[in-house]
Structure formats: structure tokens, C-alpha cells
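Undergrad: Protein sequences, first through last, are from chains H and L. Numbering-wise (the numbering used here), the first sequence opens with residue 18 and increments by one. Numbering-wise (the numbering used here), the second sequence opens with residue 18 and increments by one.
It is possible that part of the hints are untrue.
Remember, identical chains collapse to one label, so a pair may be satisfied in a single copy or spanning two.
In silico DSSO-like links for lysine-lysine, alpha-carbon gap of 27 Å or less [as the list claims (entries may be wrong)]:
#	residue 1	residue 2
1	Lys584	Lys521
2	Lys591	Lys351
3	Lys507	Lys44
4	Lys155	Lys507
5	Lys234	Lys584
6	Lys469	Lys92
7	Lys591	Lys525
8	Lys163	Lys400
9	Lys155	Lys286
In short, the hints are calculated from the structure, not lab data.
Listed below are the residues making up each chain.
Protein chains: 2
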Amino acid sequence: MYRSHTCGELNSSAIGNQITLSGWVQKIRNKGFMIWVDLRDRYGITQLIFDEERSSEELMQKAATLGREFVIQVKGEVIERESKNPNIPTGEIEVLVNELSILNTSLTPPFTIENKTDGGEDLRMKYRYLDIRRNPVKDKLVFRHKVGMQVRNYLSNEGFIEVETPYLIKSTPEGARDFVVPSRMNEGQFYALPQSPQTFKQLLMVGGMDKYFQIVKCFRDEDLRADRQPEFTQIDCEMAFVEQEDILSIFEGLTKHLLKEVNGVEVDKFPRMTYEDAMKKYGNDKPDIRFGMEFGELNEVTKHKDFKIFNEAELVVGIAVPGGASYSRKEIDKLVDWVKRPQVGALGMVYAKYNEDGSFKSSVDKFYDEEDLAQWAEKTNAKLGDLICVLSGDTNKVRAQLSTLRMEMAERLGLRKADDFAPLWVIDFPLLEWDEETERYHAMHHPFTSPKIEDIPLLESDPGKVRANAYDLVLNGNEIGGGSIRIHDKETQSKMFTHLGFTKEEAKEQFGFLMNAFEYGAPPHGGIAFGFDRLTAILGGQETIRDFIAFPKNNAGRDVMIDAPSKLDEEQLKELSLKLNIE
Amino acid sequence: MYRSHTCGELNSSAIGNQITLSGWVQKIRNKGFMIWVDLRDRYGITQLIFDEERSSEELMQKAATLGREFVIQVKGEVIERESKNPNIPTGEIEVLVNELSILNTSLTPPFTIENKTDGGEDLRMKYRYLDIRRNPVKDKLVFRHKVGMQVRNYLSNEGFIEVETPYLIKSTPEGARDFVVPSRMNEGQFYALPQSPQTFKQLLMVGGMDKYFQIVKCFRDEDLRADRQPEFTQIDCEMAFVEQEDILSIFEGLTKHLLKEVNGVEVDKFPRMTYEDAMKKYGNDKPDIRFGMEFGELNEVTKHKDFKIFNEAELVVGIAVPGGASYSRKEIDKLVDWVKRPQVGALGMVYAKYNEDGSFKSSVDKFYDEEDLAQWAEKTNAKLGDLICVLSGDTNKVRAQLSTLRMEMAERLGLRKADDFAPLWVIDFPLLEWDEETERYHAMHHPFTSPKIEDIPLLESDPGKVRANAYDLVLNGNEIGGGSIRIHDKETQSKMFTHLGFTKEEAKEQFGFLMNAFEYGAPPHGGIAFGFDRLTAILGGQETIRDFIAFPKNNAGRDVMIDAPSKLDEEQLKELSLKLNIE
């Protein structure tokens, strides 16, 4: 071992001891007669001192050659520090060095290895191995490890077995695009990388594994949106002989366990909300309930006057922004512009100030009197001093727009507190969703999601109204998990395939082995999958996942550090029986 | 929940209780007036009873329709069993059923779901989800989970951080063949799946992560030998600021921890053996030291007579097979035939019986007298009653042949006991190995393995003699782990590349990003990787890995259950800018 201690553990109790440390040179202050070096490793920083009165000339000269990020080993005595630093655990001591070995030199790093770096995103990605030396990145990776360990401990204690499912599987054209892997030994054939182990976990249930989980990489060849990765990690879980309530209970337990062990936060029983209510109250199936601003539907109290825009709208709906009555005309105009940006897409915004003195002032005073506006206030739960913002139009669109406004205002008002955790189950998702493009229904989750028994008759008459035994776990406005109870009997399954527009042959072609497996005694089962990257980020108080991933890819799916993907040589292509098809 | 208890937990303390069970019908005995059903789930088997005196006629009729592997739920009373079965935990009780729901029917399974099944390997693989219901397979998967948890707990307690490294990386022509993944977004370019996270774990050390581990899938597109899988799992580990001794100590600790926690076995400090000694004493760099039969080199005591075969041989070497002196002439002839099979490849075998009365009888009595043979006995450590088997020829070949014979005899004599664990460190591996085909030296481990400092001068004069800071952990004759201290300075690294025949450009092309990283302060570091499939199998007392993998592939790299790999449709190929190149 190149050290007797780490750079994070020495304190005043070690004063007088001879110790050995190794690490990176974080900072050097050279006063000539004295040289201080901050030595850094994963565990912390310890101050080293070289002093011409107490150190040899040779040692002083050697210390003077050190540069940032040199790797060194020092031996020396722990002494009390003159000017103590109460902000770090080692701040009471320093090490008077009597031996210095330079284990490796370093070029000047392309950005500073500090908590706040001068390096831009691109540079940091290219030199990710240096970026990882910075506390904000390193700490997130350590945090991710802790979350993973706690997930495994909890589930293992609950009797779940982690089973590794294969990565080289079969491509199915359904769903998102697969990444594929040409097989050299099976000419002209391809494996696919799993988008999720969905089929395998269901097969494990058929196989009697009873409680399965896996923290596993999944792959989706999608055009990447911001903060999406082509490879991502899931906590994938499945249980047999369970109903929805059992799943909610176990995984509410898991989430509570994580919040307690990782964040030190105790949370009460998670509230539940139907998909329908979530859309109605928050315009969103993953509402952030850390704050209010619930939607107030205003159709009843707006359509009795001559305001044509509202009268023609399918939905008139508003929120009360706390303290917004004090906004200036200019501020409100900017807000109106903001909702009209194409990213939000509203055509305009009506507002009403509910002044501190109880009076109202609206942008539609021509049409609505104080009595009307008082009703708006009641519906939106506005308090004195609030600003009521009202959007109108097509129900789905206007809900999405108002949800975006709600989140923006919460952000601006500092209501989305990173250390405040508000989990929520959203339940009773629709089974099917209408796809405008293909003009048919798609499974909202996946084709094995079971409908609610009482809604099965609606499959014929009103498929869009059928609710599923499907649920999402939402944390602070982010979907962190989702799952369903699966169909385990052949009759319901084939009914579902019919409604999804699969012929018997297509269903057999795509899901044949699962359908076969279901012939041999499939138990009732259901499960859930958590997005591990996202979950970790949110528990870590962040909304972007990238720094919780050691080596992320950029938005073009490239790893700029290793420069992948890259070209293959002709020989490799030939072995794989492939030719490039580029015009 | 479909049950109040599992099928493995009810015993006499539950007698009189009303309970609910769910599971699969394992066995039915229908006497007409009484029907017994063995109900099975992951946790065990509970006997159900339907009795015409105590059950309704309707219930009797329903029970009579049950078939093997039907999924049922029963409610009933726990009662004392008349003929108790002491072999199972639930053997004292049975459940008098008063309610039966058939949750799912089952076709007759293609093989019996019993510990000893009538299903052949191919059928079992095709219906793997049924095979997993059998205890021997299910128990191995549960066992694997336990091993994995213990690995993670030990390493996490030792301060290791599990960091997920990417799966979509860059292809390098060096080493085994990569599986590649065409990138749709980067036309004509490919990712590769990792053969191991070697580069990334070294980058994590450069990044200051200090102690890294990961249980991770790796991929190698090799022509498959028996018991090899194209995807396999490693416990991959790396540490910074360490010397070889530190790695051996930590991972000896891990292995002891596993043996203790998983197998209940306490093992002393692991013996160590140099590669040279292992080859000399066992003809093998992964010797099984659970038994003796060490090699005795006989050159000195055989070359003084007129036996031309020995006189011309580079090496004459023997082992003493315990009790072998009693073998008949016919048995010995069969043994000679066995070593001459092409799989072993010996040209012949000389033997000498060391009879119980102290006399000798050899196949070369013409050349060697009792005094000579007594020397053979001394060199091979033969006891009264042993058979000395002697092979001769080219050193490397004859060692390999005698090693094969040694293992075979141990197997036949029952000396390879599954519950006996004999770990061994093999150290001081050669740095380089001569490749006949390309007529140059290859890195025996990989090009970043550090040579022993004292051997560096030999790099010029006698490269084959240079020893590396490389080590393997051997358990019961299987390599379960291997690793090395890495080169962390540029000078040694570029010297190595020269000796491996890489030009500067080639080294830069293939390892450029790692070489770059090393410019910015790489710490001394080293690591090890365990084959998780193999480790688990050996701890589980088996030598084949297949049943420790939930969904293994066959020797053609196919998953016969899901029928992968398979053809892609034209559209998919086109999106990937690929064409098949099949003549």
C-alpha cells in the first residue's frame, strides 16, 4: 500500500504520528521559504507543508517542481495547523513532509479540478476521467453506488432474487427501435440488445421464481432528446401471485427505505391519484405535488358571458400563482409571451389579480365583473395577493400548457425544493391510447398489461375508456417507476392482441415463445421497473441524470472520450457477412 | 396476495389454522374417495388433501380435473398428516382444502418437473422456463443471487464503489473478436460490446475512484467451446495506490468471506505458488491441490541407461497414482490407450508398480533395475501400492499430458471432492508469451500488465523470462480470477508496446484515449477480475456453468428458447445503412 491513511481521515488525534499519504496535488502555494500543498484523494484533502527551517534543501527543491495533478507519495509527521480550516475534517492538522516521491507527473489539466470548474460540458466529457476527480461528479457516483446497495439489500431481504437475463436476445419490430448485433456464427442473423427484460421476467414468473429483480442495463435506439441515453439502467422487478395492492405496498416500502437510508427522510404513506384526477388537477400524469397551484376548471363560471374565446373553448382552466398579484404589467406581459412560445404553445393567457385588499383586476374586465372573478378565485383556490392565470382551448393541449406554466412558476418561486420529497402513486392508467398516425389503439404500457375486470366489457364499446391495472410512481414531478399487473391467461391475451390490431400470426411471430410459455401454467403476476439513473438523480436532488452516469454519451449517442462509435475494418465486416449501404 | 403462506413454511405449529396457498400442481394421487395433491412453489411443497367425507362433492369433482402444472389457489385448514414425511419441512402437516380456484391450466409439460427429469438437454433449453421450476436449476439461480449479494456486501464494506461502465464502446482489433453494434445515428459506424471493462476501470483509477468494482456482463465473439458462453459475467475490480500484496490480501479476504458465508467453510491463509513451480509440479497453471500426485521429474534418474525414448526426451516426468499397483494388466493397457487418445496426445506411457511388498515391476524392466525404480518412487513420492506413470517428450507438451492424466486419475479415485475447497494463488506469471503463428511476443494478460522491476533488463536480452506482477486465483483446479498490477508510467508503457510489436501509431490508434489519460497523473494501480459464472458454479460444487445461468446459449451461440439470433427485416437493415453480404 502506498499510504498508511487516506487524505480524508487525519485529525488532531493523529498529531505527532508518522504517516504516509498518496494522492494528487490539488493546489500549491509557494512562498519560497515555505510551500503548502493540498493533497487530494477520493476521501478528502490534507494540507502538506514543506518548510525551509525544518525540511532539507533537496526536499524544498523537489517540492518546488510539483505541478497541479502530479501524483505523489509523502511521508511525514502530523502537526497542528496554525490557521485551522473548520470546513474540512482534516482542517486542524497538516503534514510536515520529510520524504516526497513523485509517482507520476501530469500535464496541466484542460480545466480546473475544483468543485466549480472552468471547463465547459464538451471538454468535461472528452476528459471525463479528469471530471470524475471533481467532487460534484465523484460524489454522485458514490451516491449512486449507495442507492444501488440499498435497493439490493431491501429487495433481497424481501425475498427477491436477482437473476441476470441475457443481453443478446431477439429483435422485435414493436415498440422503440432495437440496437442489433450481427451474429458471425449465424450468417445473416442478428441479436438485439434488450429494451427491457420484460419478456424474461415474465418467463421467470412462469418458471416459478416468484420474486425477481435485477439492476440492469437497457438499450433503446431512439433519436435522443436532452437527458436521454441510448443505454440506461433499470431496477426491474416482478412478482407472482400478487395483485396491484401487493406491488404498491412492496415498492412503496422500497422507496421509503431509500428515502430513509439514503436521504435520512421519513415519509408517510404515499398518496394515490387516478390518472384521470392527475390530468384534471395537474394536467400531467406525473404531477409535482410538493406545492399547490392545482388546476381550477372554469367552464361553469366563464361561459355565461360574451367572451367568445372562452365560450368556444373545450376547457377553460386556471391556476393561482402565489403572490402574483404584485406583478407589474410588464412582468405579466412577459409571462404571456412565455406561454405563447412554441415550446409551450398557448395562444394567449387571461389573468386576474386577486389584490391584497380583496379587489380584482383582470385582463378581461370588459366581460367579467368582480362577482365572476371571485368565482374564479374560489375554483382556483386563489388567496389574497395571488395571480390567477387562465388558459383555454382543446382539453389535452390546454392542460399540457397550463402544466408547463405551473411548473415554471413553481421553479421561479423556489417551490421545487430538492430536499423535499413528495412521492405519489398515479393509478388506473388507460389501457389503450389512440394513435393518430396509424389510426389504431396502442397499448399504453405494453401488450401484456391487464385491464380492470370491471372495464373489460368496454373493450368492445369504448376501448379508450378501459382502465388498466397499471401504475406509476412519481417523485417530485418525475416518473421514477411504472408497471402493471400482467395478463396471465390466454383468452384475455388474445382479446388484447385483437384490439391492438395484431393478427394471430403476427402475435405468434413476435411473442410466440412467451405465448407458448403461457400454455404451461402461468401464475398471476405483475411488476414494476424503476429508471435507476433518474431515481438516483432525484434522490440526489438533481433533475439531470448525466453526472450520475460515469461515462455518459452525448446527444448524438457518441462517447466523445473514447470516440465511439467508429468505423470497422473491411475484414471485420466481411466476417459478419455485412456490407455498408451508404449512398 | 393470492396466499397467506408459501408452500414451504407450514409445519405442526400451524395445525388448526385456516390458510391460503397458491402454486403449481406437482403430483396428484387420486384414490377416488380421497385425492392428494402436492402443491409446489419456489419455497417448497405442501400436501393438499381432498376427502369425500370432509369435502363437498363439487370440490371433489373439481379436484379430479386438476392436471400436472396447473396453477391453483386453495383455502383450507392445516391438519396433522397421518403418514409424516421427515424429509421435507412441511412433512408433518397437510391442508384439508375447502376452496379451490384454478388460476390457470397447463398443457402436459414436455418433461417431468422433478429433481431428476426425463428431459434431455435440448428440450430443457427450449423450455427453459419449465426447467427453472425444477429445484436443481432454481436452487442454483438462488445460490448465484446469494453469492452476488455477498460479493457486493464484502466489497462495499471494504470501501469499493460499484460503478457502471458503458456497454456501447469502441471496437479494438486486438484480442478476441468483438461483438459489434451498428449505429443508426452515426452512419457506417459501429459500437462494440465490451470484452471486459478493462480500459474503463483503469480510467476510473486515473479519475481517482480509488476502489472500483462491478458485477458486469462481458461479451466475446469466439468460436464456442463446451461450457463457454458468448455473454458471461465478471466481478471486475480495480484499486489505486496498491502493490500486488494489497490486491492478494483483499481478494483472498473476499474469497474467504464467500466460502464462509455461502459454504460455511473456513479456510486458512491461501498458499501461493509461482507459475514456474505450478508448471513444474502440476504441469498446469491452475493446479487442483485438493490431492497430491505431484509431478516427479525423472531426467536425472532415467537418462543413465539405454532407454532411447527417455534419453532423447527433453523431459521425463511421472506421478504416483495411489493404490494403482493393484491394477490389472488390462486396466493399465486401457490407461495407456487413454493417454494416447488425441485429446491427450501422449505417444505412450511407461509405468512402474510399487508393490505392497516393496518390490517393483515396470514396463521397462529391460532397462531399469529395482534400484532405479526406487529412485523413481522417491522422486514421485510413491508409496507402497502406488502406480508410477511416466510420460516423456517435449517439456510443455508432456507436462500438459501428465496434468490431464493426473486430473483424470483424481476424478476416477474420487479425490476431487465438491465440498472440499482448496484455493491457491498462482503468481509471477510470465509477462510475454511467444506466438508461433505471428512469430512475436504477445502480452500474456494484456498490454498494461507491469513487469517485475528486477526483470526489466531482461526485456531486451530474454523477453520470455520476464516475470509480470500478475496473479491468478485458482480454486479446485479452476482459474476463478486473474489480474495484475498495471503499468502507470508512459516510459514503461511505450517500452512494452515496442516489445509487443506495436508502432507508436498503432498504439495511439488502439489505446489513444487511455494513453492520453495517463498523461494527466495516473496513480499506481492494479486489479483483478473473477469469472462470476465459474466462481458460482465451483462454490456450488459443480464444474459446468450452464445451470448457474438463467437463460444460457447453446454451443452455436443460439438461444433456442427465444430463437435468437434471427433475421432482420429489410427496413431495419436499411435504417442501419447495412446490406447482407452473403454469397
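Undergrad: The structure should be examined with respect to each hint, and the outcome stated for every one.
TA: Going down the list of hints, with the structure as the test:
1. Lys584 <-> Lys521: Between copies only: 20 Å across chains, 41 Å inside a chain, cut-off 27 Å.
2. Lys591 <-> Lys351: The answer is neither: 60 Å in one copy and 47 Å across copies each exceed 27 Å.
3. Lys507 <-> Lys44: Result: close only across copies, 24 Å inter versus 68 Å intra.
4. Lys155 <-> Lys507: between (49 Å within a copy, 25 Å between copies)
5. Lys234 <-> Lys584: both (24 Å within a copy, 24 Å between copies)
6. Lys469 <-> Lys92: between (70 Å within a copy, 24 Å between copies)
7. Lys591 <-> Lys525: between (33 Å within a copy, 25 Å between copies)
8. Lys163 <-> Lys400: Neither: 43 Å inside a copy, 57 Å across copies.
9. Lys155 <-> Lys286: Answer is neither: 33 Å inside a copy and 35 Å across each miss the 27 Å cutoff.
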